[in-house]
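Q: What follows is each chain in one-letter form.
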Amino acid sequence: MQISMTINGTFVTREIEPRVLLVHFIRDDLRLTGTHWGCDTTNCGTCVVLMDGQPVKSCTVLAAMADGHAITTVEGLANGATLDPVQQGFMEEHGLQCGFCTPGMMLTARALLDHNPHPEPLEIREAISGQICRCTGYATIVRSIQWAAEHPVGATTETTDEEVHA
Amino acid sequence: MTILEDRPSNPAAGDHDRPVGHGRMQRKEDPRFVRGKGHYVDDIVLPGMLHGAILRAPVAHARLVSIDTTEALAHPKVLAVITGSDLQALGLAWAPTLSMDVQAVLVTDKVRFQGQEVAFVVAEDRYAARDALELIQVEYDVLPPVVDARKAMDPGAPVIRDDLEGRTDNHIFDWEAGNKAETDAVFASADVVVTQEIVYPRVHPAPMETCGAVADFDPIDGRLTLYETTQAPHAHRTLFAMVSGIPEHKIRVVSPDIGGGFGNKVGIYPGYILAVVGSIVTGKPVKWVEDRSENLMSTSFARDYIMQGEIAATKDGKILALRTSVLADHGAFNATAQPTKYPAGFFHIFTGSYDLAAAHCTVTGVYTNKAPGGVAYACSFRVTEAVYLVERMVDILARKLEMDPAELRLKNFIKKEQFPYANKTGWEYDSGDYEPTMRLSMKMAGYDELRREQKEKRERGELMGIGISFFTETVGAGPRKDMDILGLGMADGAELRIHPTGKAVVRISVQSQGQGHETTFAQIVAEEIGIPPEDIDVVHGDTDQTPFGLGTYGSRSTPVSGAAVALVARKVREKARFIAAAMLETRPEDLEWEKGRWFVKGDPSVGKTIAEIAMGAHGTVALPEGIDGNLDAEVTYDPPNLTFPFGAYICVVDVDPGTGHVKVRRFIAVDDCGTRINPMIIEGQIHGGLTDGVGMALMEFIEFDQEGNCLGGSFMDYLIPTAMEVPDWETGFTVTPSPHHPIGAKGIGESATVGSPPAVVNAVVDALAPFGVVHMDMPCTPARVWEAMQGRTRPPV
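For the protein sequence lines, the chains are A and B, in the order given. If you read the first sequence in this note's numbering, its first letter stands for residue 1, the second for the next number, and so on. If you read the second sequence in this note's numbering, its first letter stands for residue 1, the second for the next number, and so on.
Keep in mind that the hints were calculated from the coordinates and are not lab data. Mixed in with the good hints there might be a few duds.
As the list claims (entries may be wrong) - Derived CB-CB ranges, DEER-like:
1. S4(A) x K151(B): 55 to 65 Å
2. M724(B) x E150(A): 15 to 25 Å
3. E150(A) x K400(B): 31 to 41 Å
4. P117(A) x K151(B): 21 to 31 Å
5. E150(A) x T282(B): 49 to 59 Å
6. P117(A) x D544(B): 42 to 52 Å
7. R458(B) x P117(A): 38 to 48 Å
8. A622(B) x E150(A): 32 to 42 Å
9. D29(A) x G461(B): 58 to 68 Å
10. T501(B) x G9(A): 37 to 47 Å
11. P152(A) x D537(B): 30 to 40 Å
12. L711(B) x M65(A): 51 to 61 Å
13. T10(A) x T620(B): 24 to 34 Å
Predicted model, so just to flag it, every value in this text is computed and none were measured. Beta carbons: idealized from backbone N, C-alpha and C, even for Gly.
The following block holds chain B by itself, in its conformation from the complex (with noise of 0.2 Å):
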């Protein structure tokens, strides 16, 4: 194992100046990767394992006439066709979605999105599955769709959701937060108000692996093994128990290597019901691997969020109050994956960093007939649309007073002093310092000069732009207390094990689609109990080896999964202090622990270490009352509050005046996540939510024609940015514990998506300040902007 850094190793838990653990050491899953060894769901071959293809509505709202299977079936290597009515005559036709509605596995009824699945063919092999899905001859009526968020609760709107009793429109929830009165009386008396109306445009996450799952079912035990690609292993075997009969003990999930997450693999898929439905059918193991064109129309995409923005000020810049109200599209079923309690997620921590007299927000969601999903993408549930609601609006806000947008934002931070903050709408930050941040922001950006070379350039006619978002996020999901999903409390466990000779294992419940949770988990672990990271093994991914918790999304790994690993540790720890005592014939308490070790008071040459103990307590020594012959111990976590991690972003941008094409020139993140365990993987993460918001500032996009056709179905037509597109980062770091996890960690997965598309477009908007536009959708695309140019604004889709 390679330490690239030389720093001391483990500093003490309490010196958050320094990383946990080891600091920045090269990630143990690594060399399986560089060598083409990583363990993919589409590298699984079962003996006698059959390959499913699924037929796909080609319209987005149908009513589906008659379905014609027999040229399929007749195909010499299909074994079986299954649809929607043989799902019903199961009572598998529909399933539950993490929205509470349900969610058809195959039509029965209706064809509700283009995509939609239809029919499943299983097949000897995969092109022969897909050869079979063009014998299988469907009859559709065609119905007009609801493509328009706006135009959804439309007095005689068609009823997308005609399946659910006594439905007689599109609506699916209203929910508030904040203080009404208190807000509006706010805004009646303030000097300024702005308004404008900021749409946060469908987008996909798009990981560069596919959906997809391999069922095993075995008729002779009933025992489901299911290989999946999944976020939440632990979360989606109580759900298959709850959907097919199958008891959950025989039920296993397993999350083997997975090729990147952000979101799309938390929801449970048709896809992923008909693999277990073809096992059971053909009683051999079944693959399905969606392809990219399903998975970008079919599987959970993200934000769809129109937002009317308001904000209400002194005329000197003193920001009082917020208030927005919300029309939220939910796709042809509400299968957003959030707390229960929680129907926008997070979206009511829009306040952001600043300190404000009151808020209010409203959200209304609908259905339309386009895919289902809506929490994704590391969005931490939704506060990316409240990011870039507020830190647009704030923007504008300074263009109003003309006042320097950094300026403005200084002047209305939360204070240091302010921390544990209660905001408007119920949110508690934890811990904050928001002044120095910004300011070294501005330091690496050299802001001041910035501003004067973009003076000049206006002067010369060059577009220049400078954007800054600062953002507050809400991550590490969450209290028990408020959170759960489908019921399920979103805590998570660890066990760790020490084993005889002093190498240990620790067993968690969240699930790395990426981010290096064997190397992260390890150096927790080791930071705690003084084992060398390179001697702890992390198993994940697999619900018969690690005890049940949520799983990883919306950036809760390390806040809780995380809290969990150092608490177990902690016990370990704890209980290694007995066992010790009995070997050295002492009492506990006068022991002394440094890292490693347990040591009699004062005379620190006599001690043990972890090692010596665990061979101690699986040995034959005399254990005090109480203390069972091992080194173990478990811990289910559930935190008292979630983490607010926090940033300040700045976006340089040149725009040509000719094309209106966009070049991000550099882009500047500091980030404060609290306590950093490796810095390598840190930046790492920051660097490729970026990337995402480059992406959904300027290409990234969903879009549907008036027929509810997908037109953002490939990589052809669905932008990513790739090396050319994005700059070389520059990133900085404050430290700010968070007063209330074990270790002062707050999660960093999402913060750079969560808080980089705002500094984009704000940096575009900047740019073409001369052409007095003060607002823009994303994505700013060349067309769209030279359109912006020229004074025109795209009628909103």
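So that you can see chain A by itself, here it is in the shape it has in the complex (with noise of 0.2 Å):
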């Protein structure tokens, strides 16, 4: 069957065999591996992928089913050199290690943002709580999303060497 979506805003129509999933599609259709793949189950959330704004596991989505819909994937949340401060923030505040379930934490994290703003450390948690991150202990990523929250448009990394050599 022919599908068609857009996926980090471009416009994208493919033949796919209908029982293809919405990982497999964007991962091995279209060869953005950011998405990752970690059960079966809807568990572990390594696949979340933002559809229409709002975070679905794509484990668990037909390719068919995002037909028409807006997919924002890992891909897409920088904008060209710019990233968005909640790419940024994970790298302040250590909010990853292996970086496998990131993707998909910085999209819940997007999606989050885009309609609370201001989020308690308990509503963070609540918004990541269908997402297993088996390295950080989460803490982290709560403080990354913290300071995303706090820089809404992320902050200038550069420093000058003064600074770092000082």
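Using the hints, build the complex out of the two chains.
A: Next comes the structure, spelled out in structure tokens:
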């Protein structure tokens, strides 16, 4: 069957098997490998993408169900060379280690901040509670998302050489 | 590069209060990860690549009667179906394990655990490969399984390993440490002896990325490139050479970005071998990536120790001796990954942090019809089990003596002046200063105030528990005179090159699975030779690009490879001295080092920076006799001893009396990992390990039913903490450098996983004290806690 959708602002049309999962469509057909796969049971959330701005677990969405919708993956978070504040926050506050759950966590964070720009820590924890991280113990992810909330337009992370070597 | 804390750069190596290199700095690997540009095994696509899938046994113990692949082979997208008999013809049906046993790559005779590999399909895409699995017809003759390790040695128990010549039972090994007679004598005359059976249940590391491989065998030049989720690329290459007959110089193992390891990616699994066979058979690259159920049901589990603990003390609380006998469930094949001489890993550090008169342990390993493995999940080679045993026993003793558990620990610690300390089972603890660490954790927790709160709550019928764990680890395996894996000494190499413009590349033999090696190891080099970390590239995870070494597990990267990196940098620094002397037309002994520069003693204005020296080395300067025209060096580091990190953890829980639900309200962790390199990364590793500990203590469990069905085969059954189940961690640190490590570092990767489970369980048991509960086995699920409150204990599994 033929499906069309907007991925990270680009309109795509592809011929697919009806049973293909959205996560495989994104990874294998579109070669956007920032979206990961970690379980078969909608438990881990490494496959989270945004569908029309809402987080969905792309291992439990058929590609056909995304027909006509707008999908955002981690590759669509940054605006060119400018990182999303969420991406900056994860770097600033050590919100990632192995990086495998990170794309899904960041997309959920983006969706949270889009409708709740100043979430309480517990609201952040609830927002990411459908996702598992095995490395960080979550506290630094919460801090990363708080950082993004506090820096809604991001912040330049560049410093002068003098500061670096002071 | 951003420095997040205002710290002086590159504090002196001898200044152990401050971090090495640039201290807290952002990770060099993060920019690619936050953009979704990490490069994991499943992201690899090679031209013409095919996809493999494994048919797995639905039962735990069965004779294989027949297997019919006709229909699967007729599938239009299937290129090959490989069975055990195919492998047998190639001599590849069985592969050596890391414990000198063998493991079936595909079943030839008998299924020995549920989920065991039965056949391998290679197809054009991953969906077709899975479809074809459904078309393979297998007939099994089901046999009674051995599920309970306690029954494995019963007379008449089914013999699982009848493939092994002359095998008539399920016994694997007996091992002991310490002095039995001495220990028995101390026990016989002690005022107080407390005994308790303690089960550390089977759990699983479950990294977010499952295991997988892409095998690319080039039939023209006989070269195999194997992209693998491995924590030990060099060891894997050697073993693949031994197993496959492909010469080692024709094998390249690449371990790209790895989505978490925790010991799960140390072993060589049948799937890796099958991907290689698939590529050889089809002449095309073959990708195999397991699904989550395959990961949980067939790859290396952890723990599964049934421990009979005994502790002897005087009536005023001087701990005298510890004794234990352990039954170790190793599953269907003995495939644990530990140094050859230590079949129970480093379990014999079960004497913990206490100055004892005697100690003795025995460990018996048995086969059962369960998945193989056993050393995984950040366990530091079974230190996890050891720490859990001693820290539970000390708490049980405290209850018996009606002493505060903190006071009992403080009374029995090995004293600072006793280090290096020889314990009663053969370890030499390198350094320690336990009391300040314990006191700091109590201060951070507000320990006395918590006890007052608990007393008030108890009077109101509320259930609050405070649990303490004080652990000593032994990590950084290890001295090659004592430690090897399949004959490979546990050393690590490092190579450092300073390019003519003063930028550097350091190549290491260990492999990151999220630990941040690209940052930490650059910081170590920065500290030693004064090149900023952003100008130092760290290369790892590719056997063609890096020197030989045994890899990342058992918290050994910083203790072993970190030492290699510091020493190779010092070697370069010393070489730079000779070249600088030639450039300055003076004698090397007349030069003095300051960070990044050799200068003339007494005249600091005359000197050469490392960058100038590198250009000189590669330039036209007349070099002294015996000095090559480069600024490169290499070392292989053989650690003289292990390192012994320690820490004090305090957990506060609230238990719902109506449901048995345990809420971890606070968790205070004070760690001492010696010299600290990047505090941000250290804190992150501790947070992750604490979450593991809460998971194991409260919810994680690979359980089996009486037929040997795995009941923890998906994330719907194998529960892992989410952000809602863990608190905002409170961390602190003390610094007691290792005296034998070049920079005094000890390793931190597994401390929290090792140290935290007893803190949580001690807290739960403490909360349940009003019900007379003295012990309960993990995981402390609501149902089990509720049962304990009713005075019932669940029969051990």
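Q: Could you tell me which of the hints above the structure violates, numbers in ascending order?
A: 3, 4, 8, 12 and 13
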